[in-house]
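Engineer: Assemble the complex: chain A is given as a structure, and chain B must be docked to it using the hints.
Those protein sequences? They're chains A and B, same order as listed.
Residue numbering for the first sequence follows the numbering used here, beginning at 1 and increasing consecutively.
Residue numbering for the second sequence follows the numbering used here, beginning at 1 and increasing consecutively.
Hints are computed from structural coordinates only; laboratory data are not their basis.
Check each hint, because a few of them may be wrong.
Unchecked claim - With a cut-off of at most 16 Å between alpha-carbon atoms, the simulated EDC-like pairs for lysine to aspartate or glutamate come out as follows: (1) B:14 x B:79; (2) A:101 x B:79; (3) A:106 x A:3; (4) A:68 x A:3; (5) A:1 x A:27; (6) A:1 x A:84; (7) A:42 x B:59; (8) A:68 x A:94; (9) B:71 x B:52; (10) B:71 x B:26; (11) A:1 x B:59; (12) A:106 x B:101; (13) A:101 x A:3; (14) A:101 x A:27; (15) A:101 x B:26; (16) A:106 x B:52; (17) A:42 x A:84; (18) A:68 x A:27.
The structure displayed is predicted, hence computed values, not measured ones.
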Amino acid sequence: KQEVTQIPAALSVPEGENLVLNCSFTDSAIYNLQWFRQDPGKGLTSLLLIQSSQREQTSGRLNASLDKSSGRSTLYIAASQPGDSATYLCAVKDSGGSNYKLTFGKGTLLTVNP
Amino acid sequence: NAGVTQTPKFQVLKTGQSMTLQCAQDMNHNSMYWYRQDPGMGLRLIYYSASEGTTDKGEVPNGYNVSRLNKREFSLRLESAAPSQTSVYFCASRRQGVGTEAFFGQGTRLTVV
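In isolation and in its complexed conformation, chain A is listed as follows (with noise of 0.2 Å):
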């Protein structure tokens, strides 16, 4: 059974500081991972998808990386701002038995301190 562990739980860093969040997986047959945002009381927002095949996406002051062998990822935060506060989570999607469901990690509640 796959399990995801998000490591920290919690975060809390002054503006400006580049951070890196942290995603495990137990196994590494997998289609591909999903980092989200969720602010409270709101719904997930999907910030970057990463293919099982890529090691890395890209988008804005955001880079996720992958490294399926290992069964991690990590996202990199860059110039953190306040507005970056938030929950952040990573879902990956297995490649084994039903490929329709994800499997969530629960998450690190980023605090940007201005």
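Structural biologist: Just chain B, lined up with the frame of chain A:
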């Protein structure tokens, strides 16, 4: 472009009452999902529909039923609500195929008293 729309946004039920959560997507996606999100538990899959006409159980299906009414709509029904079903419910959809992105609705916050 509305994406994934859920109704209602908030609901309070008494134990034993029934209700249906509605979800509709306008992206012509094949697959649709219902998740619940609880503090400390993360998102857990309740039911999913890989395509119109099919539904399957996820991790936590007990106490729920679903209907894939057509390609756009996927509803979640609580027949006899229990306090343990107090949660935030999210609907999601995805175009079928390898490596497609999932899109989520804004959620329904349900409290069962």
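Engineer: For the pair we were handed, residue 68 (chain A) and residue 94 (chain A), check the Cα-Cα distance against 16 Å.
Structural biologist: holds, 12 Å
Engineer: Sort out whether residue 27 (chain A) lies within 16 Å of residue 101 (chain A), counting only the CA atoms.
Structural biologist: The given pair, whose Cα atoms are some 14 Å apart, holds under the 16 Å limit.
Engineer: Verify the proposed pairing of residue 101 (chain A) with residue 79 (chain B), using a straight-line Cα cut of 16 Å.
Structural biologist: violated, 25 Å
Engineer: Between the alpha carbons of residue 42 (chain A) and residue 59 (chain B), is the straight-line distance 16 Å or under?
Structural biologist: Distance of about 23 Å is beyond 16 Å: violated.
Engineer: Regarding the pair residue 106 (chain A) and residue 52 (chain B), is the alpha-carbon distance no greater than 16 Å?
Structural biologist: violated, 30 Å
Engineer: Is residue 101 (chain A) within 16 Å of residue 3 (chain A), Cα to Cα?
Structural biologist: holds, 12 Å
Engineer: Quick one, are residue 68 (chain A) and residue 27 (chain A) close enough, alpha carbons at most 16 Å?
Structural biologist: holds, 9 Å
Engineer: Checking one constraint from the list: CA of residue 42 (chain A) to CA of residue 84 (chain A), max 16 Å. Satisfied?
Structural biologist: Distance ~14 Å between residue 42 (chain A) and residue 84 (chain A) Cα, so the pair holds.
Engineer: Given the hint that residue 106 (chain A) pairs with residue 101 (chain B), does the C-alpha gap stay at or below 16 Å?
Structural biologist: Given pair residue 106 (chain A), residue 101 (chain B) is violated - Cα atoms ~19 Å apart, limit 16 Å.
Engineer: Between residue 14 (chain B) and residue 79 (chain B), does the CA-CA distance stay at or below 16 Å?
Structural biologist: Holds - the C-alpha atoms of residue 79 (chain B) and residue 14 (chain B) are around 12 Å apart, at most 16 Å.
Engineer: Given the hinted pair residue 68 (chain A) and residue 3 (chain A), is their Cα-Cα distance within 16 Å?
Structural biologist: holds, 14 Å
Engineer: Does residue 59 (chain B) sit within 16 Å of residue 1 (chain A), going by the straight-line distance between their CA atoms?
Structural biologist: Holds: residue 1 (chain A) and residue 59 (chain B) sit about 11 Å apart, inside 16 Å.
Taken one by one, the earlier hints fail for this structure at numbers 2, 6, 7, 12, 15, 16, listed in ascending order.
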